[in-house]
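Protein sequence lines, in the order shown, are assigned to chains A and B.
Counting from 1, one number per residue, gives the positions in the first sequence under the numbering used here.
Counting from 1, one number per residue, gives the positions in the second sequence under the numbering used here.
Source of the hints: derived by calculation from the structure; they are not laboratory data.
Each hint should be verified, as a subset may be incorrect.
Only pairs whose alpha carbons sit at most 27 Å apart, straight line, appear in this in silico DSSO-like list of lysine-lysine [what the hints assert, rightly or not]:
(1) A:294 / B:185
(2) B:196 / B:159
(3) B:159 / A:292
(4) B:292 / B:279
Protein chains: 2
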Amino acid sequence: MSLLVVGSVAFDSVETPFGQVEEVLGGSGTYFSTSASFFTDVSLVAVVGSDFPQEHLDFLRSREIDLRGLQTAAGKTFRWKGRYGFDLNEAHTLDTQLNVFEAFRPELPAGYESAEYVFLANIDPELQLDVLNQVKKPLLVACDTMNFWIEGKREALLKTLPHVDILIINEGETRQLAGEPNLVKAARSILAMGPKTLVVKRGEYGVIMFTEHSIFTVPAYPLETVFDPTGAGDTFAGGFMGYLASTRNLSEASIRQAIVFGCVMASFTVEDFSLNRLKRLEFDEVEERFRKFKLLTDFDGLA
Amino acid sequence: MSLLVVGSVAFDSVETPFGQVEEVLGGSGTYFSTSASFFTDVSLVAVVGSDFPQEHLDFLRSREIDLRGLQTAAGKTFRWKGRYGFDLNEAHTLDTQLNVFEAFRPELPAGYESAEYVFLANIDPELQLDVLNQVKKPLLVACDTMNFWIEGKREALLKTLPHVDILIINEGETRQLAGEPNLVKAARSILAMGPKTLVVKRGEYGVIMFTEHSIFTVPAYPLETVFDPTGAGDTFAGGFMGYLASTRNLSEASIRQAIVFGCVMASFTVEDFSLNRLKRLEFDEVEERFRKFKLLTDFDGLA
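All chains, please: the whole structure from these sequences, using the hints.
Laid out in structure tokens, this is it:
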């Protein structure tokens, strides 16, 4: 098997200035695996409740996502409710019901221990470490986290980070984890915690990547209609890891291209609620937008 | 003559988390002309009071800036006092004393009417139009403005914009001028007001440029030490216009390179208070940092 993600599958209720939806398909594992499925085979480890409809399972299977690690537990599926104002960079959480996710213990099905590419979505760092103990020798481990864990489970997080190759977090989390307002200094301090690469998500400003010897930036794709930013970060991570798993090339040049593919995928997700845009996305649209990123950033006379 | 700037020369008092300075050399015209002087001949039209010291005039002359349009009026030089917190993107104005700048009426010395490249720094849009009436057929007119004029002198500004080729403003001003939160839509609406090109300054996120047919982005240069952002925008404009005036090439490729040179120059200004970093800057450092921008943004395997 190639790419493994451990994360959440959820029902999201979202309000933006452009509309609202109730209990639509969401969750970090859902966005990640759907996005990655455009590039490679992907296996999803997560939990849903007994209320999770066949329709969503059918969709995930239509993307050829391996669901052997998707547990169904008695009870309700994880629910999240949030609102965005005109500043679409920040979600205001209105309600979180963990439900079956509260007792979630990731158990990898037989065969999954040989996963080569692993993404640990934003879950308890103790569970992240637990997953890493179940896999043998992955070529690449990437991981997300959030303010809640940085503050509340800092020690567990610091134990997990030395086993992580690429940490993918947002700008506020970068500053919080390092305790340093300057992003370049903060990145250096986080690289000293273990990860060889730090990928910082900056919402409408794109992504900036730090390694010991280099910095790389990509803008977000400028869109006239940003409908709903929910899932953008996990969609980014899915495109990023999916591309890397498909090329089997971990050179810096390949990682940079993977970041651009991640931004491409995220730019589609935000064009509609839930995974609606990804559901009708064709791969030639992905390639076309990748080419547009070149025009967007080129100053060598290409444009 | 080649490049003309009309703007302010001021004494700035600035507090940042990293230190403070009192009544140091500042002003939009000062930053612009010093930055542009690394690329081309530049003429400065502005006003100072009788308290303006010889030392500063000597510095501007050492940069071979033409000061025939720098009036000296009885009274005190314009003074600005501001503070920045750890979020260095936003200045908090503590005090503004317009002094001799209050009665400033730009009068172009003989010969200046043939200026080919004109930059109207952030002054009253009526004065900006007045300057444009004094020049004959410039090849390129660029202009800055601010929230104060957008709100208080909107009609005058809307009369000036049709005569402006390139409007250079920040992100908040873009949204305010257009009355539209989405940047892409806001840009389209501003292009309909007259300018063929809109250059949006985004502080630590760099610059995004809009034309009718294209969008171009450049990140800010990632710095470990941002000492004082004062003057970054005018330094950017100076590098941008200075480069364009030096190449005499207004193709999109040339404008994109000019934007990168503007970002390069701004990245030096913020490394120290006042114009201190520009005072000790060598052109090979400029070229070296331009090359670093390529590495920072390349995803074609160069890095």
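Cross-check of the supplied hints:
{"no.": "1", "hint": "A:294 / B:185", "in the structure": "holds, 22 Å"}
{"no.": "2", "hint": "B:196 / B:159", "in the structure": "holds, 15 Å"}
{"no.": "3", "hint": "B:159 / A:292", "in the structure": "violated, 35 Å"}
{"no.": "4", "hint": "B:292 / B:279", "in the structure": "holds, 21 Å"}
Comparing the model with each earlier hint shows a violation of hint 3 alone; every other hint is respected.
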